[in-house]
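Work out the full structure: start from the sequences and follow the hints.
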Amino acid sequence: MLRSLRANTALRVDAAPLADADWLAMALSGLPPVRAGRFFVYGAHDAGRIPVNAVALRIEAAAAFGTGHHGTTAGCLVAYHDLLKARRFAKVLDVGTGTGVLAIAAARTGSRLALGTDIDPVSVRIAAENAALNRAAARFAHANGLAERSIAAAAPYDLVFANILARPLVRLAPDIARALKPGGVAILSGLLRHQERFVRAAYLARGFRLIRRYHRDAWATLVLAKG
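For the sequence shown, my numbering begins at 1 and goes up steadily by one.
No wet-lab data here; the hints were simulated from the structure.
It is possible that part of the hints are untrue.
Here are the in silico distance ranges between beta carbons for each label pair [stated by the list, open to error]:
| no. | residue 1 | residue 2 | range |
| --- | --- | --- | --- |
| 1 | Arg149 | Gly110 | 23 to 33 Å |
| 2 | Arg88 | Arg35 | 53 to 63 Å |
| 3 | Asp120 | Phe198 | 23 to 33 Å |
| 4 | Arg178 | Ile211 | 15 to 25 Å |
| 5 | Ile119 | Pro51 | 28 to 38 Å |
| 6 | Gly110 | Arg3 | 57 to 67 Å |
| 7 | Arg3 | Arg49 | 30 to 40 Å |
| 8 | Ala86 | Pro174 | 21 to 31 Å |
| 9 | Arg178 | His45 | 36 to 46 Å |
| 10 | Arg167 | Pro121 | 20 to 30 Å |
| 11 | Arg87 | Arg35 | 17 to 27 Å |
We put the beta carbon where it would ideally sit given N, CA and C, even for glycine.
What follows is the structure, encoded as structure tokens:
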């Protein structure tokens, strides 16, 4: 690569060796903690800043998504916080779990079963490590969709998180509807504000009703109840 760059006479190329370091960990260490409702999401470097009245979630992201800083993750946590004011959810499924933060939040707030899934095996490993850090009884499975045996066997769920992308959310609408018990709730995110109508229509057509929506920056989070 360096030889190819230097062969281009229009470029001035300077190269220097870098010290051996975990550059990803160093970058993450600069992230501030996040407060989302009752939840306080932090890394090891902020262990001394936990508020007394918070549900503290120590999340080490590594190569997985979900430190709480993104508007979609924070939106899901705030939506869940608001739901917990009125009810509890015994069985929770987190589709596209990433770091496991949403499943861990469920386990830490009384869910009897908190199960997370991801198509990325690295994320599944990181999520399990984060659950251990938080002493949370959340379990994680490597799966593409909701048909995997351990996921289907635990259905129906009281609550399904799906913080992915708009088109997968639409594609999974029939599966999420089947996975939820009547009166169950879906918290959906990973979509931009202008994609709300597209995603909402897919769920309203399957008997869901919109409870509430949240906006953070350009991102939207939808809370829907199964009729």
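- Which hints, by number, does the structure contradict? As far as the earlier hints go, 2 and 7 are violated by this structure, in ascending order.
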